[in-house]
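Visitor: Now for the letters of each chain:
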Amino acid sequence: MTETIEVIPKPSPAQAAAPLLAVRNIEVVYDDVILVLRGLSLEVPQGAIVALLGANGAGKSTTLKAISGLLKTEDGEVTRGEIVFDGERINGIDPDKIVRRGIFQVMEGRRIISDMTSIENLRLGAFTRRDGDVDADIAMVFNYFPRLKERTGLAGYLSGGEQQMLAIGRALMARPKMILMDEPSMGLSPLLVKEVFAIIKEINRDLGVTILLVEQNARAALSVASHGYIMEQGKVVLDGSADELRDNEDVKEFYLGGAGDQRKSFKNLKSFKRRKRWL
Amino acid sequence: MNLQFLIQLLVNGLVVGTLYGVVAMSFVLIYKATQVVNFAQGELLLIGAWVCWALLTKYQVPFWVGMPLTLVFMFVFGIAIQIVILRPMIGEPIISVIMVTIGLSTVFQAVLKWIFGVNPQPFPPVFTSQSIHFLGLQIQTVYVMSLVVSVAMMIGMAWFFRASKYGLAMRATAFDQQVAQSLGISVKNVFAMAWAISAAVSAVAGVVVAVVNGVSSGLSAYGIKVFPAAILGGLDSIGGAVLGGIIIGLLENIAQYIDSEYLHWGNLYEIAPFYVLIIVLMIKPYGLFGTKDIERV
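In order, the protein sequences belong to chains A and B. The first sequence maps to residues 0 to 278 in numbering that gives the first Met the number 0. The second sequence maps to residues 0 to 296 in numbering that gives the first Met the number 0.
Isolated chain A, as found in the complex (with noise of 0.2 Å):
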């Protein structure tokens, strides 16, 4: 709400209005010497969802948990550029004052606790909240997802797909401005993933959540997310509207899973080694 945003290396669509997140020019480096993030900038315009995809290594989660703040349980740190969340300067702060500003992530691998039952876990959810109406949104949460109500055991017996669906209605309970997920579609089946995707479009209309979607799943995050982002090596190499990158031709042969139906020749796949890079 207070400046506007001109250090972005590549035009978007995003700059039209003051984005709810902008990640500009950032360094991460973990234990003081493992450069992982070299010069990432990005923008999550608020109610929109954002993919940020890449192969493994690329620097997603990385990225993820320097906005959240998480990096400093794993002695990373960022040690260049700025992230602006609503106007406020957040690097560097505590993860548990960034989740009362309003930003909530998801963590890779679900991370709920197992020990706990399903409403134990959503009222953990609550916990910086200081209204009482926890019940409500339990209830809202229960909505969404009804299968969790079903179970009432410990979080550890659920499926995977339960889990996931636990650990977003987790965020959820905390009421937060924008929702941070890291690989909502790790080890779920084809049709899981359908289902939670359908349910985080139907999350971001309904509840005007922001999200930032980080996938492996280039297709389902893109079937969702209005813009995307490419990661390599640490580095925003590509991004555009969703459809954009989805009629990309590098990003089809890479993320998408191959253009056709045809099967290539070895002589493709030197070409793939070849271009695997964009630069």
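Read the hints as simulated data drawn from the structure, not as lab findings. Be aware that a few hints might be false.
Unchecked claim - DEER-style ranges, computed between Cβ atoms:
1) B:Ala-79 with A:Thr-151: 50 to 60 Å
2) B:Pro-87 with A:Asn-55: 31 to 41 Å
3) A:Asp-130 with B:Trp-63: 36 to 46 Å
Unchecked claim - A short list of chain B residues far from chain A (calculated; beta carbon distances all over 12 Å):
4) Gln-3
5) Asn-11
6) Leu-13
7) Pro-67
8) Met-98
9) Leu-103
10) Lys-112
11) Gly-116
12) Gly-155
13) Tyr-165
14) Ile-223
To be verified - Using 27 Å as the maximum straight-line C-alpha spacing, the simulated DSSO-like pairs for lysine-lysine come out as follows:
15) A:Lys-71 with B:Lys-164
16) A:Lys-71 with B:Lys-187
17) A:Lys-96 with B:Lys-283
18) B:Lys-164 with A:Lys-96
Keep in mind that this is a model prediction, so the values were computed, not measured. No residue lacks a Cβ here, since even glycine has one placed at the ideal position from N, Cα and C.
Starting from the structure of chain A, add chain B where the hints point.
Guide: Frame of chain A; chain B shown alone:
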């Protein structure tokens, strides 16, 4: 077979056992939240007892005012220990932190001797009648109080961890600190709270023991005595600590019965808990109720 004596000892065992349970609980509280075994737990009992003693004798405060004041003092003291001494240790290896608690126990012992002297002090009488008779058994009034207070604290603790927001936050922190932080829980505050509650709970036990035996530096031996109870129950289980305490209490008294009736060795009472400790560690190293990770199949 002296039945009357046996029953008397079993009742004693139960009463002392619940008290052990309370102290074991305060062990478990700190261990569960911070993974640190606090070797200064016994000194926390002693500090609580001395503070209450000082309030009652030096300042002539009535017991029902002195006891809550002691609890408040210990609560704040627990937070202070965490912030001043242990917070800078966050991120250091756990074994270093445990060594610090051993150091703390020595320092506390010395400082308490410096302030209150080396001589044991009798506790001012809290109850008008020393003992009550119940079903032909003689029970000290303070034991009745101890039992009531212990059970109340156990119920309070059970409620705290099941139903309160901060209890859930402590359990979450014990489960996974990173996850807890991702939920907006300040791990530092949870650690401070664990120390505060643990110190206050210890003080209750310390005062009860002091009412029976008077205050002396030997009181801190309770911290070590209760260790087998915490291990038996499983170091990270509150319920296990309570049950472990009761088992050890009963066992001590059964040992004493066997000793005085048949063996006449003279010190079985003291060492029986440690035999149990050794056997438990051999057979069930995680204790009766120690955490087993849930694995989906």
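Visitor: Verify the CB-CB distance for A:Asp-130 and B:Trp-63 against the hinted window 36 to 46 Å.
Guide: With Cβ atoms ~37 Å apart, the hint holds.
Visitor: Holds or violated: are the alpha carbons of A:Lys-71 and B:Lys-164 at most 27 Å from each other?
Guide: Roughly 25 Å between the alpha carbons, so the hint for A:Lys-71 and B:Lys-164 holds.
Visitor: Classify the label on B:Ile-223 as holds or violated, using whether its beta-carbon is more than 12 Å from each beta-carbon of chain A.
Guide: 29 Å, holds
Visitor: Please check whether B:Pro-87 and A:Asn-55 have a Cβ separation lying inside 31 to 41 Å.
Guide: 37 Å, holds
Visitor: For B:Leu-13, which was marked as not at the interface, is the minimum beta-carbon distance to chain A over 12 Å?
Guide: Holds: least Cβ distance 30 Å, greater than 12 Å.
Visitor: Would you assess whether B:Met-98, listed as outside the interface, keeps its beta-carbon beyond 12 Å of every beta-carbon in chain A?
Guide: Given that every Cβ of chain A is farther than 12 Å from that of B:Met-98, nearest at about 23 Å, it holds.
Visitor: Looking at B:Gln-3 again, its CB stays over 12 Å from all of chain A?
Guide: 45 Å, holds
Visitor: Is the nearest Cβ of chain A still more than 12 Å from the Cβ of B:Pro-67?
Guide: 28 Å, holds
Visitor: Looking at B:Leu-103 again, its CB stays over 12 Å from all of chain A?
Guide: 26 Å, holds
Visitor: Would you mind confirming whether the straight-line C-alpha gap from A:Lys-71 to B:Lys-187 stays at or under 27 Å?
Guide: 14 Å, holds
Visitor: Does A:Lys-96 lie within 27 Å of B:Lys-164 when you go C-alpha to C-alpha?
Guide: Since the Cα atoms of B:Lys-164 and A:Lys-96 sit roughly 17 Å apart, the hinted pair holds (cutoff 27 Å).
Visitor: Report holds if the minimum CB distance from B:Tyr-165 to chain A is greater than 12 Å, and violated otherwise.
Guide: 9 Å, violated
Hints 1, 13, 17, counting from the list given before, are not met by this structure.
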